[in-house]
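Colleague: The primary structure of each chain is shown beneath.
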Amino acid sequence: MLEIKPIFNSLLRSKAGALMLLVQIALTTMIVSNAASIIFDRIQYLSQETGYPEDEIFSFSVMSFDKTLDLTQKFEETETMLRNITGVKNAGLFNAVPVSGSGSATGLGLQPANERGQDSRAAYYMADENALDTLGISLIEGRNIRADEVIESQTREVFPKVVLLTKTLADELFPSGDALGQTVYFGDTPLEIIGITEKMMGPWLKDSRPDNVAIIPFVGASTFQKIIVRTDPDQRAAIMRQIEDIMLEDQNKRVIVGLRGMDEAKEMYNAADTLMLRMLVVLIVVLLSVTALGIFGLTVFNINKRTKQIGTRRALGARKSAIINYFLVENIIICSAGTAVGSIAAIFLGQSLLNFYSLPALDILYIVFTVVFVVIISILSVIMPANRAANISPSIATRSI
Amino acid sequence: MLLHYIDLSWRSLKRTPLVSFLMILAIAVGIGITMTSLSVYHMMSMDPIPQKSKQLFAVQLNTTDDGTNWWTEDNVPLQLTYKDAMALHNAETPTRKTASMRSGFTVHLNNQELKPFLSDARLIGRDFFPMFERDFVYGSAWTLEQENSSAPVVVINEELNDRLFGGVSSVGKQVYLDDTVFTIVGVMKQWDSHTKYYDLNNGAFDSPEPMFIPITLVAPMQIASWGNNNGWKHEAVTTFEGQLQSEIFWLQFWAELNTTAEVQSYRNYLQAYLEEQGQLGRFNRAVPEFNLQNVNEWMEYNNVVTTDNKVLLGLSFLFLAVCLANILGLLLGKFLRRAPEIGVRRALGASKRQIFLQHLVEVSLLGFLGGLLGIAIAQLGLWGVRSTSNEYNALATMDLSMLLAAPTIAISACIIAGLYPAWLVCRTQPAIYLKTQ
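Protein chains in written order, with my numbering: chain A, 1317 to 1717; chain B, 25 to 461.
Calculated directly from the structure, the hints in this document are not laboratory data. Don't be surprised by glycine CBs; every beta carbon is placed ideally from N, CA and C. Worth double-checking, as some hints may not be accurate.
Unchecked claim - Selected chain B positions facing chain A (in silico; Cβ < 10 Å): (1) Pro41; (2) Val261; (3) Ala441.
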């Protein structure tokens, strides 16, 4: 009924064209499945939750060049000034800005630094009792930092005694979940865990431990200082526009740089991934179109070549559907072989990407979906020319014979 | 003859406009995508100072204890401690060398006209300028005497000179960096390299710093690094003096070594230096470890071309292969259908060679047209790259070599795809086709 054998035989007689189509389909399967796997990996990475209300937060850096000034006192005033702006929920000095790609990290351990073996890698934010509120982060357990626990100093000779940890970090240090009230060591300094926060990201989304974060109640106002402000989301843009003037009015021997919303900071940090994602999407779309056009073009050619043959078949009583079937079956044979070869090649490519570039392993599902998709596209691109073939008049067979 | 072939090819293209268009489109899209990623790759991986890249060496010293893990492939830290960087900087050997560090200052002229602004600065030794071939528009580098006495002198670039002094020579004039008065000794020509190869630590494609000041100012002015500071052991560093004495890595170091003998003698020097430091009990390491890597090795070691770029480039070439398979299939169909005509031409005396060449000219024409359209598509792609991230502004462009590469790749790819169909068609036996006429 499906005339597989004669079609197959006729394919073997004009191998080269069919073989090229097969190669094309195999390569397409191989590239698309691997690219799709990378794309979905990036989508997952880019759309992950940071824990922060990103559209409410913005940050900037202040470079103060008046070295006669008492910076600690000046920044106290500045913070108060910022908090009093209408629309500002809270603001404060930080040593690092979340998801900005720049900050500090250390190893926190259960013993002082010189005695311990293993420790947990943790990013840390140094800020005052307003830190959690400024970042829009809630506590899960324990209490917030009290104002009297915050150390304000230009050196680290006096260091705080308490710390807030994210749940992830607390659980890593104390797997039994009883972190609250315990002690961790920052270098040789013991810090009591007074609170455990919900998830929040450190400065580096690509860190090996991106959400291991500690908040240490320390403010070391320096000549180069970062400030984070949380506002009503609909007032953020307006406040950001005025902030330089407000800050310079407060103190004119300073320069404001790096003013950006947290969403923008995250976008900048992830620019290369966004780019890779976009380029791969373009690649896949164009690739599938080229393959579809290739199948279309080749079928048109085959039909032109076989016009007489088709006319003869029609004259001998073949139905239109038989003609369409012929091209469909021919295509499906090539397509099956192509996707089969392509699937194996895809697994091979996926393995190499995993080995050489440590990209995520290729899930077989991507290959399955790609194969289904390629088959559908190839059928679609065959149907139109096949229809045209079916409409070839039987009389064509009698014309030149 | 060639003109005749081109004419024939053009007629052939016009005879089957749809398929010809499909083929040109396929090659154009293939070239467009490939050239987009190849251009970015080319700009990223390009040798930034080809005439000297083999003589400039980044120095790495492993002054950590045995068993310390670093994130580099060979566990050797990328940067140096202050004491090591300055020891190497002040050593007799080699002739040219420099410690290097990124920092920044508020720049102002202490008047009301110019609003203070923040600017990056690099702290270096005076050898840096001849080492990295920096030319001056006005003035010159600071003197050795100025460097040794930690004089507050600065070399600025043309752009900064324009901004501060409207482009006239500023040599001898003064500028405030934070609250310190610096004397300008030289104005440097704009640095047009897009890879900041002398400091790959802080964004390999950041712009070069507009100001350069003596490295000897770090200690007296307590200048902090604006780059990475990495510690590996617990040290209670609370003061700037403590930072200078610490084992924290925060400076880079470059040496110029012109001959293999110089390289070898510097290796011996570093080996001896590390052994001596080890004996002083600074670190516990059985075998001294250090690296000397030239500019290109250094770029490779620092993964300037990211995995993503390599993967993308590979996938693009695979994509080009798909386009080629596509064209090959279409060419087969197109050429073989012309067999009767070829049969007649063969019967009229055309040689196999002529037929073969004619078809290759035809595919080259396809490749050329596809290549041109491909350049347009690549420009579109590069525009897309640039609009995604500022970092790519200088990278996502096609230089002349890439502009020439596009049609070259397109034509060679098409010729490769066309070889088999052309060979098939030139083997046409005239007799078969003559019979049916």
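Colleague: Hint by hint, where does the structure go against what was stated? Just the numbers, ascending.
Modeller: Violated: hint 1 alone.
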